[in-house]
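These protein sequences, in sequence, are chains A and B.
My numbering applies: residue 1 is where the first sequence begins, and numbers increase by one.
My numbering applies: residue 1 is where the second sequence begins, and numbers increase by one.
It is worth saying that the hints were derived from the structure and are not from the lab.
All residues carry an ideal CB built from backbone N, CA and C; glycine is no exception.
Incorrect hints may appear among the rest.
[Claimed, not checked] Partial list, derived from the structure: chain B residues whose beta carbon lies under 10 Å from chain A:
1) A66
2) I92
3) A97
4) G214
5) L283
6) P287
[Unchecked claim] A short list of chain A residues far from chain B (calculated; beta carbon distances all over 10 Å):
7) A27
8) T187
9) R200
[Claimed, not checked] Pairwise CB distance ranges (calculated):
10) B:P86 to A:P76: 38 to 44 Å
11) B:G183 to A:P20: 54 to 60 Å
12) A:T163 to B:V340: 34 to 40 Å
13) A:L30 to B:P287: 28 to 34 Å
14) B:P86 to A:R123: 18 to 24 Å
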Amino acid sequence: MRPDFLDRFSRLDSPVHRLPAAVKLAATILTIIVTVTLPISLWGYFLGTAVMLVFVCSISRIPWSFMIKRLLLLEPLALGIAIMALLQPGGLAIFTGIVIKSTISLFTVLLLSNTTPFDQILRVLRRVGIPAILVTILALMYRYLFVLIDEGERLARARMSRTFSTNRVRRWHSLASLISQLFLRSTERAERIYAAMTARGWK
Amino acid sequence: MKGKTVTFSAERVRSNVCLARLLILGYIHAVFLSPRNGEPLCAFPNIRTMHIPDGFLDTKTATATAVLSVVGLGSSLRYASRHLPPRRIPLIGLAAAFIFVAQMINFPVASGTSGHLLGATLAAVLLGPAAAVLVMSTVVIVQALLFADGGILALGANVFNIAIVGPLCGYGIYRLIHTIFRGDFGRLVSVGVASWFSTIVAAIFCAGELAWSGTVAWNAVFPAMAGIHMVTGLFEASITMIVIASITRARPELLNDNIPSATGRERTTGFVLAAILLIGVLLLVTPHASELPDGLEKVASTLGFEHRAIPNQGVPAPMADHVVSGTGSTTIAVLLAGLVGAIAVLALSSLLARILLPRANASPPQNSGERT
């Protein structure tokens, strides 16, 4: 697993990537707040925002195929809830409003996460006054996520190379014991990390 | 006349609910594709069912849940920085990564669908409630910021449902049942029931937020969310039980450390967290449940005519029954289903616990001899 599998394009070089992280974070949150609070009847604003986002995306050099794939992946969830909105009086208006708003918000967050490395976002969060422990935990999680995924895939490969056929019950059992093994290994790794952190003066 | 209009609206509600259920099942079939043989362990982009995207909540709901989440997260952070030993801090970070990975692992379920763990109760049982709140919040925050799974403004609501209600409810039920059923067997049973319940309760809070925002009608979203998660919860319960059973076998000391009696300071954190849950219930769930007394009042008013007639006629039952079933408050139906489900889950999880625990527990000497 690539270390940056969550935000693959966050380390490209483009005018958007070079902007300070604080500006991008603030712009993202502002865009989402305005998008969510404005009534859908102001369609000019939504059209304008969409055009602006498309423009920002094209100068940030993130591949369009990636953005579209991510959007298509996340959209069904929004649609799933939005469809339930159809079941009430005046549902169609609510439905279109929700779908447009959530799509714009999704696109904005995807742009943020793929133009800003996560450590820069964390630095901004720390400066804004988010407690140090929470930021440390977030940073540790981001750092070790792909390590754990690799470890899990190694365990799964070892299991697969030893089973020729399996049924559902056995598969559940082996996957669940894989999860428990992963937990045991991560507690051991946490001990080692703690030792390394204290050795470097963390308290 | 009156009775007729009531039954008509009830029928419409019921058909709407049926439609919603069909659509949702179809959606689940479409999104959770089956893992084929030889596919990598983590089909990475694996969508979770309970994350609310942006645009679904109005300002008041988003603000209220954000305040609740900040208070809950803050008290857990305070607890972690004052009372947890410093070597637990890296463990919380790694446990968050662990839960994230565990959520990505696909389990094959019937007919080409697959499910995955939520892990709130698992985290709470393994690490304790305060640490579990931190772990799950970290997971939700990273999912929202990096993967856009769950909105930024809806982050408060998502943290509240998944990272505060889930672990706390799970832990509370786990401790409660574990005081009744002791030992390894009791732990497994209580883990099963707790993870079933916490999944459903988190889903109900999710439904409450959506309904409070006026996005979706409570009558549609509540049965849909509660119904789906009564089934998903069974999956969650069995996976959590298998994981805990396997940890019990490998490293029993990890689980035994975890039940010390609460000291005074810990109790204040506990009270704060419990208060948050209570406020959440009052704010998000009870206003909608008031449809329930409304329905009853309606029945009472229609019955008002009959009440005078009942003693004379002597056959009140069929008529009363008819009106009640006609109004058919979905809330009552779902609550009843939940009650029946709870008993069934208790039985099922004790059965599963019996299967999962090594027979050696029952009669150690002979069996351990046979095994080798």
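Lying within 54 to 60 Å: is that true of the beta-carbon distance G183 (chain B) to P20 (chain A)?
-> Since G183 (chain B) and P20 (chain A) have Cβ atoms about 57 Å apart, the given range 54 to 60 Å holds.
Is the Cβ of T187 (chain A) farther than 10 Å from every Cβ of chain B?
-> violated, 6 Å
R200 (chain A) clear of chain B by more than 10 Å, beta carbon to beta carbon?
-> holds, 12 Å
Would the hint on L283 (chain B) stand, with a C-beta cut-off of 10 Å toward chain A?
-> Not OK, violated: L283 (chain B) not within 10 Å of chain A, min 20 Å.
Range hint 34 to 40 Å: satisfied by the CB atoms of T163 (chain A) and V340 (chain B)?
-> Once the Cβ atoms are compared, 38 Å apart, the range 34 to 40 Å for V340 (chain B) and T163 (chain A) holds.
That 38 to 44 Å hint for P86 (chain B) and P76 (chain A) (C-beta), does it hold up?
-> With a Cβ separation near 43 Å, P86 (chain B) and P76 (chain A) satisfy 38 to 44 Å, so the hint holds.
That 28 to 34 Å hint for L30 (chain A) and P287 (chain B) (C-beta), does it hold up?
-> Holds, at about 31 Å.
Is the hint on G214 (chain B) kept, meaning its closest Cβ partner in chain A is under 10 Å away?
-> Check passed: Cβ of G214 (chain B) comes within 8 Å of chain A, closer than 10 Å.
Has the hinted range 18 to 24 Å been met by the Cβ atoms of P86 (chain B) and R123 (chain A)?
-> holds, 23 Å
Using Cβ atoms only, decide whether A66 (chain B) comes closer than 10 Å to chain A, and label the hint accordingly.
-> violated, 12 Å
Given hint A97 (chain B) near chain A, where the shortest CB pair must fall under 10 Å = Holds, about 5 Å.
Measuring Cβ to Cβ, find out whether A27 (chain A) lies farther than 10 Å from everything in chain B.
-> It holds; A27 (chain A) is separated from chain B by about 12 Å at its closest Cβ, greater than 10 Å.
Comparing the model with each earlier hint shows violations of hints 1, 5, 6 and 8; every other hint is respected.
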